[in-house]
Amino acid sequence: MKLILDLARGMLSRRRRQTLVSVLGVALGVAFFIAIAAMMSGFQTYFVQQVIDVQPHIVIKDETRSPTPQAAQMAMPDGAVQINGVKPVDRVRGIRAAGDKLAIIEAIPGAAAAPILTGTALLRYGSRDVSVSVTGIDPVRYARVANIGKDMLHGRLDDLRSTANGLIIGDALALRLGVEMGDTVVAVSPRGVSLQMKIVGIFHTGIATLDQGAGYMLLKVNQVLQDRPNVINQIQLRLADVTQAEPLARELESRFGDRTESWEEQNRNILTVFVIQNAIMYSVTGAILLVASFGIYNIISTVVFEKTRDIAILKSLGFTEGDVQRLFLVQGLIAGFLGAVLGCLIGQLMIEGLAQVRFQTATPAGNDRFLLARDWRIYVIASFFAIASAALAALIPARRAARLDPVQIVRGAA
Amino acid sequence: MSTAEPLLAAEAVTRTLPEGVTLVTDISLRVEAGEFVAITGPSGSGKSSLLYLLGLLDRPSTGRVLLEGRDTAALSAADLAALRLSRLGFVFQFHFLLPEFTARENVLIPIRRKGSLTPDAGQARSLELLDALGLADAADKLPEQLSGGMRQRVAIARALANDPALVLADEPTGNLDTKNAAAVFDIFARLARDEGRAILVVTHDAELAQRATRRVHLVDGRIVSDERQ
Numbered sequence: 001m002k003l004i005l006d007l008a009r010g011m012l013s014r015r016r017r018q019t020l021v022s023v024l025g026v027a028l029g030v031a032f033f034i035a036i037a038a039m040m041s042g043f044q045t046y047f048v049q050q051v052i053d054v055q056p057h058i059v060i061k062d063e064t065r066s067p068t069p070q071a072a073q074m075a076m077p078d079g080a081v082q083i084n085g086v087k088p089v090d091r092v093r094g095i096r097a098a099g100d101k102l103a104i105i106e107a108i109p110g111a112a113a114a115p116i117l118t119g120t121a122l123l124r125y126g127s128r129d130v131s132v133s134v135t136g137i138d139p140v141r142y143a144r145v146a147n148i149g150k151d152m153l154h155g156r157l158d159d160l161r162s163t164a165n166g167l168i169i170g171d172a173l174a175l176r177l178g179v180e181m182g183d184t185v186v187a188v189s190p191r192g193v194s195l196q197m198k199i200v201g202i203f204h205t206g207i208a209t210l211d212q213g214a215g216y217m218l219l220k221v222n223q224v225l226q227d228r229p230n231v232i233n234q235i236q237l238r239l240a241d242v243t244q245a246e247p248l249a250r251e252l253e254s255r256f257g258d259r260t261e262s263w264e265e266q267n268r269n270i271l272t273v274f275v276i277q278n279a280i281m282y283s284v285t286g287a288i289l290l291v292a293s294f295g296i297y298n299i300i301s302t303v304v305f306e307k308t309r310d311i312a313i314l315k316s317l318g319f320t321e322g323d324v325q326r327l328f329l330v331q332g333l334i335a336g337f338l339g340a341v342l343g344c345l346i347g348q349l350m351i352e353g354l355a356q357v358r359f360q361t362a363t364p365a366g367n368d369r370f371l372l373a374r375d376w377r378i379y380v381i382a383s384f385f386a387i388a389s390a391a392l393a394a395l396i397p398a399r400r401a402a403r404l405d406p407v408q409i410v411r412g413a414a
Numbered sequence: 001m002s003t004a005e006p007l008l009a010a011e012a013v014t015r016t017l018p019e020g021v022t023l024v025t026d027i028s029l030r031v032e033a034g035e036f037v038a039i040t041g042p043s044g045s046g047k048s049s050l051l052y053l054l055g056l057l058d059r060p061s062t063g064r065v066l067l068e069g070r071d072t073a074a075l076s077a078a079d080l081a082a083l084r085l086s087r088l089g090f091v092f093q094f095h096f097l098l099p100e101f102t103a104r105e106n107v108l109i110p111i112r113r114k115g116s117l118t119p120d121a122g123q124a125r126s127l128e129l130l131d132a133l134g135l136a137d138a139a140d141k142l143p144e145q146l147s148g149g150m151r152q153r154v155a156i157a158r159a160l161a162n163d164p165a166l167v168l169a170d171e172p173t174g175n176l177d178t179k180n181a182a183a184v185f186d187i188f189a190r191l192a193r194d195e196g197r198a199i200l201v202v203t204h205d206a207e208l209a210q211r212a213t214r215r216v217h218l219v220d221g222r223i224v225s226d227e228r229q
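Top to bottom, those sequences are chains A and B.
So for the first sequence, the UniProt record's numbering puts the first residue at 1; every next one is plus one.
So for the second sequence, the UniProt record's numbering puts the first residue at 1; every next one is plus one.
Here chain A stands alone, though its shape is the one from the complex:
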């Protein structure tokens, strides 16, 4: 094998320029793949992190996934039952036996849960009215499932407890209402309850819908405002291991019956976009590598063509078809390997270059640069595909070389 390697090296070194061109072709394919993959996967990782950061990992809602089964259907599960004019039971909405459920969830290791009552309210200050979605929280428990605490510009989450009818709103909403810390606004709920509320905190999350239209108050206060005493309509969960969100959500849903959504389910549309994005990336870089493999095919074909005499002599010396095929396959592999190594270096440089780029726009999340994933697996994947495609490209001319009949070559030459 060492002999085959030496022969292959000798043959390639004679045509440095051609070899260099095909090596560069592979290298560029690899480098682009690495750079694009770093950008995309960096952005996707960042995005998922933001989603995981901002949203609860699991939300239990006060509804069921399918409508309540009717008694007639339960009595005759296999029968063809038609029920007309069903009048739904007007029961109190909310998660039932919430306390027990919270206790069960809190017993799961690595899980934190917070009870919540969401609703809408009209905030009135002076002549301005803004409709906002208000969330009733227990500050201590809520702090364990959400990061709103670290987004506070003024005040703290805990101030809700020390102030009667305290309210925390986003900075954009404060601007719209024209309120500042300590001001008192009137909150009116759809049930007609109205409360005087004092602004005890202002936050900025970077997410426009939250900053413009969300408010936080004590759970008990919101229960009064919404006229739903002792009711909660969401349990939010945060997990130590986010990958467990989906299986745990399924488990909780089958146990409690309440509709339970993991962050993956809530963001399925975006995660689908990522899949498409990745498919585009793989096809683009696949195309580059395809072009590069044509370069390798070309050079190995040329070598085989020019080396027919050498092939004849090697065969007459006692080299087998397998030896000859390996000889040219190895040349393709060498080109692919050099291309992969060079491509990894160029890709690394491209990443370093991209890392220097600064955008002049200030994005809400405060990012003015590419988010780059520096993942060794990207390099391994790129190198693997480069070497594999090089081997494939070399295989065709190598097989042709192996099948050459030395007698015909010698006859043709004589």
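If you are wondering where the hints come from, they were derived from the structure by calculation, not from laboratory data.
Don't take each hint at face value.
Example chain A residues on the side facing chain B (calculated, C-beta under 7 Å, incomplete) [claimed, not checked]:
{"hint": "1", "residue": "3"}
{"hint": "2", "residue": "10"}
{"hint": "3", "residue": "71"}
{"hint": "4", "residue": "309"}
{"hint": "5", "residue": "310"}
{"hint": "6", "residue": "316"}
{"hint": "7", "residue": "317"}
{"hint": "8", "residue": "320"}
{"hint": "9", "residue": "403"}
{"hint": "10", "residue": "406"}
{"hint": "11", "residue": "409"}
{"hint": "12", "residue": "410"}
The structure displayed is predicted, hence computed values, not measured ones.
Backbone N, C-alpha and C define an ideal beta-carbon position, used for all residues, glycine too.
Given the coordinates of chain A, work out where chain B should sit on it, guided by the hints.
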């Protein structure tokens, strides 16, 4: 290998191309160790075709070729390659040295392929072979730096690399001047006489053929005369 067996034997060998052209017809030939055989004949008489058949590069359509008593018809392509590697040596009209490698490396290729010598012993053997052919100074030169006669001698050294019992040469002097051609034939004569190798040389040069110990004359793919000195 029994002593009764000739080194090489062709029995009623006929080679017909798929297109219907017959290259050689009904050739029977026995070659013993130490014989220096010149195969002569006009162009197109099938000299080279016969050499390729005897050198196991080609297979006969009918008849059989036996090397050291073994019927080669039953052997696979890989087996034939192994036989060529260890028992046969080839020299062609065009030297066919690998241009990227020095004279010594060219001689080393079959030695390394066979792999029965240590790297050091292989190096020593290649230098010894080149030295014996008066090429000691050319060992580390590339083929393009050598004259035609020197290249052909390197090719002979390479053919001898694995100590073959039989050396086959196809018009080895076709591209050489008279002096170099004579030198090559002298080498062949010495290899047969002193080292007991069988030499089969295809040539159209009747004068050079006189240096061989046996002359097989072919016309239209048939042996018309077979004379020994």
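Okay, the hints, checked on the actual structure:
no. : hint : in the structure
1   : 3    : holds, 4 Å
2   : 10   : holds, 4 Å
3   : 71   : violated, 81 Å
4   : 309  : holds, 6 Å
5   : 310  : holds, 5 Å
6   : 316  : holds, 4 Å
7   : 317  : holds, 5 Å
8   : 320  : holds, 4 Å
9   : 403  : violated, 11 Å
10  : 406  : holds, 5 Å
11  : 409  : violated, 10 Å
12  : 410  : holds, 6 Å
When the structure is compared with the earlier hints, violations turn up for hints 3, 9 and 11 and for no others.
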